[in-house]
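Enquirer: Residue numbers (our numbering), protein chains in the order written: chain A, 39 to 276; chain B, 39 to 276; chain C, 39 to 276; chain D, 39 to 276.
These aren't lab readings, by the way, just hints derived from the structure by calculation. Heads up, some of the hints might be wrong.
The list treats identical chains as interchangeable, and a pair is accepted whether it falls inside one copy or across any two copies.
[To be verified] Derived SDA-like pairs: lysine to any residue, alpha-carbon spacing no greater than 25 angstroms straight-line:
(1) K74 x Q161
(2) K74 x L209
(3) K166 x Q63
(4) K74 x V115
(5) K155 x D131
(6) K155 x R51
(7) K79 x V106
(8) K74 x L162
(9) K166 x E86
(10) K74 x R89
(11) K79 x L169
(12) K79 x D170
(13) K155 x A188
(14) K155 x A247
(15) K74 x R191
(16) K155 x L75
(17) K79 x Y139
(18) K166 x A101
(19) K74 x S158
(20) K166 x I124
(21) K166 x F85
(22) K166 x G128
(23) K74 x E62
(24) K166 x V87
Predicted, not measured: the structure shown is a model, and the values here were computed from it.
Protein chains: 4
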Amino acid sequence: MAGLKLLPKRKERLGDQLYGQILEQIVSGALTEGDKLPSEKELCLMFEVSRPVVREAMMLLQADGLVVARQGSGTYVQRRPPQGLIALAGASDVAGILRCYELRVPLEGEAAALAAKRRSPEQLERIKTALDELTRALESPASAAAADFAFHRAVAEASGNDMFVSILETLHAAVENSMTLALNITAQGSAERSRRVLDEHGRIYEAIAIGDSDAANLAMRYHINRARQRITEQQSDV
Amino acid sequence: MAGLKLLPKRKERLGDQLYGQILEQIVSGALTEGDKLPSEKELCLMFEVSRPVVREAMMLLQADGLVVARQGSGTYVQRRPPQGLIALAGASDVAGILRCYELRVPLEGEAAALAAKRRSPEQLERIKTALDELTRALESPASAAAADFAFHRAVAEASGNDMFVSILETLHAAVENSMTLALNITAQGSAERSRRVLDEHGRIYEAIAIGDSDAANLAMRYHINRARQRITEQQSDV
Amino acid sequence: MAGLKLLPKRKERLGDQLYGQILEQIVSGALTEGDKLPSEKELCLMFEVSRPVVREAMMLLQADGLVVARQGSGTYVQRRPPQGLIALAGASDVAGILRCYELRVPLEGEAAALAAKRRSPEQLERIKTALDELTRALESPASAAAADFAFHRAVAEASGNDMFVSILETLHAAVENSMTLALNITAQGSAERSRRVLDEHGRIYEAIAIGDSDAANLAMRYHINRARQRITEQQSDV
Amino acid sequence: MAGLKLLPKRKERLGDQLYGQILEQIVSGALTEGDKLPSEKELCLMFEVSRPVVREAMMLLQADGLVVARQGSGTYVQRRPPQGLIALAGASDVAGILRCYELRVPLEGEAAALAAKRRSPEQLERIKTALDELTRALESPASAAAADFAFHRAVAEASGNDMFVSILETLHAAVENSMTLALNITAQGSAERSRRVLDEHGRIYEAIAIGDSDAANLAMRYHINRARQRITEQQSDV
């Protein structure tokens, strides 16, 4: 990692900043798969940050599958995200976007489970309409994020618990942000990738339609987790 | 159910209102365990509400374990909550309070799982301090809700994801409200009940301390679900 | 449902037999989507079986998404499985096969989660080899079930807990049976369907490789649940 | 760890043997809380076993909460199990017993969830009878394991899926073994501890009785996980 220009900026959460800078090294190829990262102590010195900040950044890079820690040996680069990632989102924004998915997996998984038990015929109809809208929108990613959000909102509404809708509304900007990023990455991928994104939404709808709450929970959690993973996967992964 | 005075009030969500009125009948003993509720059609007429409103109320009463639907036969009263419940919270507030738990189970379960993986030694220390505080506070329920909230907030902070803290802050009033109700009901119960509430918190702390994220998730979900159940259980249930 | 020839056979579990006979009516088109099924009482008379047997069969048909119960109205046909289903498996075997998936979802989900935490490099290599084998085998469904089983066995082995392997071995015949059925249905479907089956296995492998136990659990549960659903889905569903 | 007599025996799985020997050191107090364990390399030499065997043993000790690994620093003793543990079960059996719980958590959790959805009135009655039996039996631990197994078997039967019963039967010896151990440890503890074990079973019964499948799943998973934890907890933990 000699010769890296790791310039500590002064804004936002320090852990996210450091996360962003290491991410940039990985995306640019300055650090490649299998490379060993500097030790905690070295990272503290290089970036003039405290140990807890380094630990936080490393933990999050690990949670996102970008690096892997091997007991008693050190931390290694594990996966190189697509080139366009940094162009599409600021490097330090990526940390925040991936954190948003962590919240959505349990939250929307539960909303989908409740929707399978409680949706009225009208609510189910609205989820179906949102799904059709999303099918059309996926051809032009600009409008797809709004259609995507509308689908997830319709599911939350069908949960029979307004608090799920309120939370999703609170997160509106962050969620649509992450959807735009995810859909842009999808759009740069194969047509197959778009079909899978649609298929994932279709499974959620079906499970809610037949009232299978476990399947609805599972399909929603799987979908959001896949969306999170796609952000850091090479497009060749499909 | 002849002779019941079911007066539809004009405020808040209609489903919660109807929920509250049926709940009052059950708590007061006007409807007792095993009694059959009027049919959907009859409830619509009695309360001058639409069918979806009746369905919503019935679904939530069922989710809370107060009534049970028997296929092709009708809906029956299943459990009589403690007498003091309506005195402690308005009857129609109870619906909202129980809804809050539905959200907290997946949300805080995930926060606890992440905390087990990511908490710094300082964050763990803060969870321990909050636990000790709660132990003392349980002797005077007035201050216990604040101590209880502080414990849950410390866990969310240790998740390494600020969004969990933000959501909990957003829910502050609703959550502390439900804690006050739950702790008051606990305080009216046996000393054994208080010990169990403490034990549940202790398990969450322990799982986070040893870094077992599945156990932490499980202990938190179990605790919140038990708190929700205690609200509608007779104290003799312990 | 007049004119149906529902001949109660005398073998195996009565509930599975009745399940099989109603399934045959749905597959053959004698009962079509939206049709109302006879009442519990009528079914008892038609098939000369007791009420618990009818209830068991209805519950399982519902769990498999084939029929849906509407509160206070009755039970309706919800989905027509592919024509070939009965040809590929005996009608009353289908119930048993779908029951096997219910067990595998939690069991193998946990095995995958443990594998993500504990697999040695050699065990991971064996999972990869099994995945490559499956990729080749999917072109000739005859051998695909064996390759599919080998993949699932390799994951169980990597769990570091021999009991997961023992149980899978105990279930060998039943599991390979269900895989053969599922893969035959897949083979009659589009090439897209085969790609998805492979993709699902790929996700499990990846999550184990990067050590993400929650993602591994989720990917395995999703895969097995999808396999179960594909058995009763029309091929046009993809 | 100087002066420890670590005698590699020749039987069963090597990982479980090594696990048992380190466990003995911890139980006897030769290794106390906070002590650092020898490195992987040293353990290989001390016990004349290969690296994968050491890794397996360390991973399982960690999963059981007995030791904790600190990134880049080493592995430390975290918890001292009750003195009587080794007397009650052979040291190397403990590893196998704890592995059995790993399987039971997802398996019986799912069985309880299905039981909440499907149990007939007769099946529910049988679960209640088993619970009453267990209440009586807890006063004489000798017969309690059989009563405990009968309760878990009755839940599996109520799942409407015979495979859950078959698996539990297959595990009969191992499960009753672990129950005997857990109940003996409970019996050596306070009366409070016995009340909690009963309370946990009571929660499972109640959730099944009111048909709440999520609560049943949660209560069963929590109970089995607690049983597993109690085996290695000091009795003062309650």
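Enquirer: Hint by hint, note whether the structure agrees.
Expert: Verification of the hints:
1. K74 x Q161: between (51 angstroms within a copy, 23 angstroms between copies)
2. K74 x L209: Neither way: K74 and L209 sit 36 angstroms apart in one copy and 43 angstroms across, limit 25 angstroms.
3. K166 x Q63: neither (42 angstroms within a copy, 29 angstroms between copies)
4. K74 x V115: within (6 angstroms within a copy, 29 angstroms between copies)
5. K155 x D131: between (36 angstroms within a copy, 23 angstroms between copies)
6. K155 x R51: Classified as between; 20 angstroms across copies, 40 angstroms inside a copy.
7. K79 x V106: both (18 angstroms within a copy, 22 angstroms between copies)
8. K74 x L162: between (50 angstroms within a copy, 21 angstroms between copies)
9. K166 x E86: neither (52 angstroms within a copy, 31 angstroms between copies)
10. K74 x R89: both (18 angstroms within a copy, 22 angstroms between copies)
11. K79 x L169: neither (50 angstroms within a copy, 33 angstroms between copies)
12. K79 x D170: neither (53 angstroms within a copy, 34 angstroms between copies)
13. K155 x A188: within (20 angstroms within a copy, 32 angstroms between copies)
14. K155 x A247: So K155 and A247 pass the 25 angstroms test inside a copy (9 angstroms) and across (19 angstroms) alike.
15. K74 x R191: neither (42 angstroms within a copy, 32 angstroms between copies)
16. K155 x L75: between (48 angstroms within a copy, 21 angstroms between copies)
17. K79 x Y139: For K79 and Y139, neither the intra-copy (30 angstroms) nor the inter-copy (40 angstroms) Cα distance is at most 25 angstroms.
18. K166 x A101: between (34 angstroms within a copy, 22 angstroms between copies)
19. K74 x S158: between (54 angstroms within a copy, 20 angstroms between copies)
20. K166 x I124: Classified as neither; 34 angstroms inside a copy, 31 angstroms across copies.
21. K166 x F85: Neither way: K166 and F85 sit 50 angstroms apart in one copy and 32 angstroms across, limit 25 angstroms.
22. K166 x G128: neither (34 angstroms within a copy, 35 angstroms between copies)
23. K74 x E62: within (16 angstroms within a copy, 37 angstroms between copies)
24. K166 x V87: Neither, since 49 angstroms and 27 angstroms both go past 25 angstroms.
Violated hints for the displayed structure, listed by number in ascending order: 2, 3, 9, 11, 12, 15, 17, 20, 21, 22, 24.
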